[in-house]
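Assemble the whole structure, with the sequences as input and the hints as a guide.
Quick mapping for you: the protein sequence lines, in order, are chains A and B.
Each residue of the first sequence is one higher than the last, beginning at 770 in the working numbering.
Each residue of the second sequence is one higher than the last, beginning at 525 in the working numbering.
Don't take every hint at face value.
[To be verified] What follows is a list of derived Cβ distance ranges for each label pair:
1) Asp-808(A) - Ala-621(B): 27 to 35 Å
2) Pro-637(B) - Glu-878(A): 47 to 55 Å
3) Glu-878(A) - Leu-766(B): 50 to 58 Å
4) Tyr-782(A) - Ala-803(B): 48 to 56 Å
5) Lys-740(B) - Asn-784(A): 19 to 27 Å
6) Gln-881(A) - Ala-803(B): 33 to 41 Å
7) Lys-585(B) - Ile-786(A): 34 to 42 Å
8) Pro-773(A) - Gly-651(B): 20 to 28 Å
9) Glu-666(B) - Tyr-782(A): 19 to 27 Å
10) Pro-773(A) - Ala-741(B): 34 to 42 Å
11) Lys-740(B) - Gln-881(A): 49 to 57 Å
12) Glu-858(A) - Arg-814(B): 33 to 41 Å
13) Asn-793(A) - Lys-801(B): 28 to 36 Å
14) Asn-793(A) - Pro-637(B): 49 to 57 Å
[What the hints assert, rightly or not] Just a few of them, taken from the derived set where beta-carbon distance is under 8 Å, the chain A residues facing chain B:
15) Arg-814
16) Leu-818
17) Arg-822
18) Trp-833
19) Ile-837
None of these hints come from the bench; they were simulated from the model.
In this text, a Cβ means the ideal position worked out from N, Cα and C, and glycines have one as well.
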Amino acid sequence: MVKPITVKRIGMYDNKIKENHKFNSLTEFYQWLSKSFEDPVFVNRVTYLAALRWKVVDFIDDEWIDAISEYRLFEPKVMALAQKIGLLEGLEFSKDKAKGLEFAKKVDEQYQNLTFS
Amino acid sequence: MKSKNGGCKKLSSERSFEERRKIFEEIFKDREPFHWRTNISYKTVSKIVAKGYDTTELVEKGYGFMDVLFLIFQGRLPKPNEAKMLDYLLGGFCEHAISPSAASARIVASGRPLINAAFAAGIMTFGMAHGPGWSHAEIMTEYLNRAEKEGKTLKEMAEILVKEHLEAKKPIMGIHQPQHVHGDPRAYAVIRKAFELGVAGKYVQFQLEIIKALEKAKGKRMHPNMVGAGDSVLLDLGFSPLAAWCIGVLARGFSCAAHAVEEMERERAWRGSFKTKMADLMSLEVQDPRISYDGPPDRPVPEKYVKCQNCGASELLSEFKACPYCGQKLK
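Here's what the structure looks like:
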């Protein structure tokens, strides 16, 4: 199952919205992040957090990423998946961007198993 | 006969009102008698007035708790965006599940004191590690003052702050939360909201510069915690460092109270019963010395006193060389 994620890129100090997107899955969201930002740890962290939190705010290079995600999955299950894939090495995010894609795809496939239950 | 009041001929109760009034005037001819001084509020028989506003009129006209916080701490009513920011911040800060403050409130509540003692104990945990709002404000203010004196930009001063703290191996207040290692879920949202609502000022901007400078120095992002985010916002909203500290702590006090109430209403007192399904906090199993004790092994208590074998005198101190009663040499 997939869920929508909306995201804005906003200037850190001027509050100007630079981009506004709506994605239909975590995989699509990841693909946009990956294309837009070079830093693999940032991309992987934001992808991971979007699987968990409704509101995801982070910044990079004087720019806010302000996202609303409908995933709201249960962290102990998601963390176990992320560690199994290697997105998380212990508690540190991988520097391999490809791990984020693998994680996002698995989350979209296994959504039901990753909810709080 | 010597009087009971230190040499005076009469007790004060034996003096007439007139006599007492004269003495009073004599004592206070050069000094004012004590009276309270406050510019926060006053009350009379029929009303309570804070900073000039009748408090009932305030709430009747739609002002709420956040507005009153601005009023009593700063002497002004906030703009709507400022009140909204404070509401957002305190709403987010109020609850933080089991933390040193909530756990303390619960443990104290388990002894069944008056409940105010339990949540007071909770907020007493705030200090240098848990919710160190005061330390954060102190450091921010110190370095911002330095920036002004030395003509440095926020970015330059943030780099100095980070360098000095890393060299001294001192923690940078406002950064890192031991449980939210991927970033306190509230912190960036609070900072972002401050920009969105147009209340972010030099403190919030300096906090961001510290995060950036630390990331540059360490080669990885260290995220702000709720003190770093929240305290910076409170300072930008115009609260003094002490006021900001108090507001944060008291907001968490509501959570401590909720935990104390739940503890009293749901859990057994003492938390040490053998009858509960779950081994509880104070259960003896949890304290089994084989897993929890690493002090000296069991041993006999040394005799505190010695007895004289000659005269039978007992309770003699062990350092005595001879019996003080008969002179017999003691072992």
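Verification of the hints:
For Asp-808(A) and Ala-621(B), the hinted distance range of 27 to 35 Å is satisfied, since their beta carbons lie about 31 Å from each other. Remark: the range hint 47 to 55 Å for Pro-637(B) to Glu-878(A) is upheld by a beta-carbon distance near 53 Å. Taking the beta carbon of each, Glu-878(A) and Leu-766(B) are about 53 Å apart, inside 50 to 58 Å as hinted. Taking 48 to 56 Å as the suggested C-beta distance range, the pair Tyr-782(A) and Ala-803(B) conforms, at roughly 54 Å.
Taking the beta carbon of each, Lys-740(B) and Asn-784(A) are about 25 Å apart, inside 19 to 27 Å as hinted. In this structure the hint that Gln-881(A) and Ala-803(B) lie 33 to 41 Å apart at CB holds, the actual value being about 34 Å. Restraint check, Lys-585(B) to Ile-786(A): a C-beta distance of roughly 35 Å satisfies the suggested window 34 to 42 Å. The supplied range of 20 to 28 Å is broken by Pro-773(A) and Gly-651(B), whose beta-carbon atoms lie about 43 Å from each other.
Our hint of 19 to 27 Å for Glu-666(B) and Tyr-782(A) holds, since their Cβ atoms are close to 24 Å apart. A C-beta distance of roughly 38 Å is found between Pro-773(A) and Ala-741(B), which places it inside the suggested range of 34 to 42 Å. The hinted window of 49 to 57 Å between Lys-740(B) and Gln-881(A) is violated, with their beta carbons roughly 42 Å apart. In this structure, Glu-858(A) and Arg-814(B) meet the distance hint of 33 to 41 Å, their C-beta atoms being roughly 36 Å apart.
With their beta carbons about 46 Å apart, Asn-793(A) and Lys-801(B) fall outside the hinted range of 28 to 36 Å. In this structure the hint that Asn-793(A) and Pro-637(B) lie 49 to 57 Å apart at CB holds, the actual value being about 55 Å. Interface restraint check for Arg-814(A): the shortest CB-CB distance to chain B comes to about 6 Å, inside 8 Å, so the restraint holds. For Leu-818(A), the interface hint holds, since its Cβ comes within 8 Å of a Cβ in chain B; the closest pair sits about 7 Å apart.
A hinted interface residue such as Arg-822(A) counts as satisfied when its beta carbon comes closer than 8 Å to some beta carbon of chain B; here the least separation is about 6 Å, so the hint holds. Hint status for Trp-833(A) relative to chain B: holds, with the closest Cβ pair at about 6 Å, below 8 Å. Checking Ile-837(A) against chain B by beta carbon gives a least distance of about 11 Å; that is not within 8 Å, so the hint is violated.
Against the hints set out earlier in the document, violations occur for numbers 8, 11, 13 and 19.
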